[in-house]
Amino acid sequence: MGLYQKYWSSSSPGLIIICGNSNLDSLCSENVANLINRVINEILMINFDGDAPKNRCFISVIGYNHNMKELCSGWLKDLDENPLRYETLKKKTPDGTGGIYEIEVKQPVWVEPTTQDGATNMLGVLSLAKDLASQWISDNPDGPAPVIINISDGVPYYNGKDPRLCMQETLALAKEIMNISNTDGNVLFFNVCLKTIDLLQKDDIAESFLCEFSSKILKETNINVEIEEKINLSDGFIYNDNINKIEKFLFTILYAIFAH
Amino acid sequence: MKILAFITHKKAEHFQDCQDRFSINCDTKSVAVSDGMSQSWQQKIWAELLVNTFCNKECWVPNLASVRELSPIWKEKVEKYIQDLKDNNARESLIYRNERNLAEGKSAGATFVGVRFNGNNWECDVLGDSCLVAKIDNKYEFITSQDIEKFDNHPDYYDSDCKKQGRGELKNCEGLLSQSNPFVFLVSDPFSDFLLEHNKKGDIEEYAKQLLSITNHEEFEKLVADWRSIGMHNDDSTLVIIEYDGSEEWNIIYQDNLSELIQVKQNTTQMPMIFSKEEPKELSISQNIQISKEEFCEEFIKISKNIFAISPIKHLLCGKDKRRKIMEIELMHVAEKLYDYYEILKKN
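First to last, the protein sequences are chains G and Y.
Per our numbering, the first sequence starts with residue -19, numbered consecutively.
Per our numbering, the second sequence starts with residue 5, numbered consecutively.
These are computed hints drawn from the structure, not numbers from a lab.
Just so we're clear, the structure is a prediction, and the values are computed from it rather than from any experiment.
Please note: incorrect hints may appear among the correct ones.
Derived, one-sided and incomplete: chain G residues facing chain Y with beta-carbon distance under 8 Å [unchecked claim]: (1) SER(-10); (2) GLU22; (3) MET25; (4) ASP60; (5) GLU82; (6) VAL85; (7) LYS86; (8) PRO88; (9) VAL89.
Distance condition first, Cα-Cα at most 20 Å in a straight line; then the derived EDC-like pairs of lysine to aspartate or glutamate [claimed, not checked]: (10) G:LYS71 x Y:GLU96; (11) G:LYS86 x Y:GLU17; (12) Y:LYS110 x G:ASP58; (13) G:LYS70 x Y:GLU103; (14) G:LYS86 x Y:GLU83; (15) G:LYS71 x Y:GLU145; (16) Y:LYS110 x G:ASP122; (17) Y:LYS15 x Y:GLU264; (18) G:LYS228 x G:GLU82; (19) Y:LYS341 x G:ASP122; (20) Y:LYS79 x G:ASP31; (21) G:LYS(-14) x Y:GLU17; (22) Y:LYS15 x G:ASP122; (23) Y:LYS306 x G:ASP58; (24) Y:LYS90 x G:GLU84; (25) G:LYS57 x Y:GLU103; (26) Y:LYS341 x G:ASP75.
Glycine residues also receive a C-beta, built at the ideal position from the N, C-alpha and C atoms.
For reference, chain Y alone in the conformation it holds in the complex (with noise of 0.2 Å):
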């Protein structure tokens, strides 16, 4: 068995915004995949438990009461959470609205989807708009709990207080992996409400094509990038593809790693990191400071939307002699602003 699993962000949003989780365990030979509700808080860690504990759990299915048992645990790496905000000095507004959710019971939803594996036999369990799509003999079936003619933004979904019911019901599936039922994908809502209407047009098969070629992250970037421009939803976007190759063993082709694509992303924003307090004081930007043009235009850009921000009623309401002359001012700001960012940088 070939596995292969992708995940990626919103566009105009980055990696740490992704509230999409998958997880694959070689030794239960399970997959799973859990959509955190926008509308919900602190879904990402709910989505992220719902789907470890399938995977790394052999026996452990989801339903009501397994899910429940979830409940204090999420709770305790929520609080620990925010205890680590505390202990690292965290913005103040970010500890005090983590507090204050925790305090009045707000709590996380996610959808979910994970499929385990004995031999080429398969058993799925799904709640919500996340979704296993099945080749079986030459048809597609989608599998999910919603009626998939009504995917819209109120999936069903776990929730991570036991006191709350959630909504739906677990929906369970079996199947097996042969040459003539070469391959499953698990996929968040996006992949499925995109699938869905191609596999309506009749033309999925070219989809499907598209999905088994990707190799890597970069492919599975242009992919959505693609997809999305011809009518797939702007959304985060997860794939986990499990393909027939004649071998029961599971054999990993390529994963991404979320927490190594957060980093990455990190890094590259947070500059000051990638200097030491040791170098010589008097450097010079074009020697030391180690970035690239778009990270410095990236960086430009974020520091003129603050600045633009402050006031974009002045821009509507004069001419357009004054409107130059502001953004002459405004511009000069955004200058004198990345001056002093770099000069920071470079006494450090």
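One chain only, chain G, in its complex shape (with noise of 0.2 Å):
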């Protein structure tokens, strides 16, 4: 395994893939959208110098329940200059002595909510990803290692089979993923659980095997990170908690990236 010490920059950029899956109940649905939304945001604002945001990553975001879409791709730049529209927003910051204040914010919108269909084909998106992760590796072999964020219901399920049988399928496709690597290190992963279905009935079965093919980023690599919730992070991925802290989740690894 590399080091990933390979700085994200304009000129040896990386590659982010979102998978969003979208089987989920219209509230979730806009929930995952949103979150897609203000993580591109995010890392636009991470990467902006006042002119225009650097071009450090190709962001690339799968839309998925029984068939995969493509929602949205590009580079950081055109992505800035291409959103589909703006919505206000407030946003809760600090002031400095302790205190917190309301500022309006624009979200710029590049995803909207998609309709659900029942199915969650973790292993089409996953299938698709490795493509595009593959290829990326191949045409930048020296840049950093592709990173992988899969948000979803945390149960793999379709072609109306068991979940078990889906969950084996999609576990073994993970990790060849995990396995693919340049000279940065292997392609990282991360999961985020929005809402637990109940097609197994116990979500611990879920959530290990989630764990199972997310990366250890604390344990495992050389990225130093300042956070508060060091173990969320140390576990690389966030399981069924509320839309503040999986945002806050998402957003430590950005910084966890973009600024290490």
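Mind assembling these two chains? They're in different frames, but the hints should get you there.
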């Protein structure tokens, strides 16, 4: 395994693949879309120098339920210049003296909530992600290791198969992906479970399934993160938590990637 | 004293993206170089403020207290920058991203190295991995605030927010230019790293000679490209040479003008600027659009990238024949876009 020391820069850009599962109720589907939009926006903000975001990475967003659909892709500058629309949100910000105040922020929208069809074809989306990551690595052997973020309901289910079989198949493929590497290290995998479904009736099975293919970045890499919630990050996944904590988990990963 | 100063950007970027700044003032006999930190925001304004303050105010010494006094000036300049964006109807995301960072109190960081001369004596202040390299009695000294064995992506820096500490402690050093101590270089980190490496290998003299032989920007660009190919980091790169010539008078032989370099690039990419509205409407492209082959190719690649970026997955997931077909369609889109683009130019 490499050391994950490669600096993400416009001269050595990286790849971030975000897989978003919409097999959830409409509220969760909206949450997935909002989360993806905020993640993209945060990446742009981290890399914004005042004139434009630096092209330090290429982002590819794939939505999935039974089918897979590319929701948006592009270099940071292209994404910054081409959102679908803008929303206005309120954001709580520390005032520097221990207090908090609200500011109005504009949130660009690249991804809209999609309809659900009952399936979670994690195998299909990971197959796509594998092709993308492999191609990227073959084109950029000395760049930073690609990062995959999978936002899902936690349990793969497709083609009417038993979810346990789906888990086995998906896990086998996920481990193949995590073995793909370049000089910087193996592909990094992070999982977010927004809401469990009752296909298995057992949350802990889904939790250990996600844990199996999540990169333990603090344990296995040299990425040094100064954060409050090291436990979440060290596991490489976040499970069934509230949306604010999930967002914080993802943003912390982004800061670890871009500012380490 | 002979002075030469050069600056260039990362490969794959433009001068507009360059976060290094330098300043030379013959009246105060001062030179400074600052490298704006990538992980921060509006670092170019901060780096420029640091070097200009050092060079224009003879008594100004960069320390925590004096740098804090620059904080409101930086903020004022950033606010003016945002107002200018609004006045010029800049892209919405550009305005709101700056406003959001300002509202959230995000700040800039920059390294610093500055040197002032009194006759042939010099005094240097340095913070971070920007560095003064001096040849003293046939040995090379690297003056930096950091442990030179630990250059990394986290250099010491000054923060533009007066409430924040920044990182590291300013280092001060003195020296003399003479026949036996014939020059000093002020450099940003790619040169610091590269020269240090060759100092360890014992062949730095050869590389110092190459630096001393540069006389203009083109030669500097060539040297940087050559050195990058043999291991120098691909990053914004600044070099100021101060060479002893027997006189205490300052003689600027050559200095890059970053604003002009930025402007030249903008003029070559914003082609609509070269047309006036009085031009006749029915013009043939070949006769009237003054565009070089390189500029045309650059436009072509830019539009291609945007179109191909829309669906990279498609290219990966289909067989050769289908891929060829997709390629044909996308190339057709590029051609159409370029055609439309030049149609607009013709009508203007």
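How the hints compare with the structure:
no., hint, in the structure
1, SER(-10), "holds, 6 Å"
2, GLU22, "violated, 11 Å"
3, MET25, "holds, 6 Å"
4, ASP60, "holds, 5 Å"
5, GLU82, "violated, 10 Å"
6, VAL85, "holds, 5 Å"
7, LYS86, "holds, 4 Å"
8, PRO88, "holds, 6 Å"
9, VAL89, "violated, 12 Å"
10, G:LYS71 x Y:GLU96, "holds, 18 Å"
11, G:LYS86 x Y:GLU17, "violated, 28 Å"
12, Y:LYS110 x G:ASP58, "violated, 24 Å"
13, G:LYS70 x Y:GLU103, "holds, 14 Å"
14, G:LYS86 x Y:GLU83, "holds, 18 Å"
15, G:LYS71 x Y:GLU145, "violated, 50 Å"
16, Y:LYS110 x G:ASP122, "violated, 32 Å"
17, Y:LYS15 x Y:GLU264, "holds, 19 Å"
18, G:LYS228 x G:GLU82, "holds, 18 Å"
19, Y:LYS341 x G:ASP122, "violated, 34 Å"
20, Y:LYS79 x G:ASP31, "holds, 16 Å"
21, G:LYS(-14) x Y:GLU17, "holds, 19 Å"
22, Y:LYS15 x G:ASP122, "holds, 16 Å"
23, Y:LYS306 x G:ASP58, "holds, 11 Å"
24, Y:LYS90 x G:GLU84, "holds, 17 Å"
25, G:LYS57 x Y:GLU103, "holds, 18 Å"
26, Y:LYS341 x G:ASP75, "violated, 47 Å"
Consistency note: the structure conflicts with the earlier hints numbered 2, 5, 9, 11, 12, 15, 16, 19 and 26.
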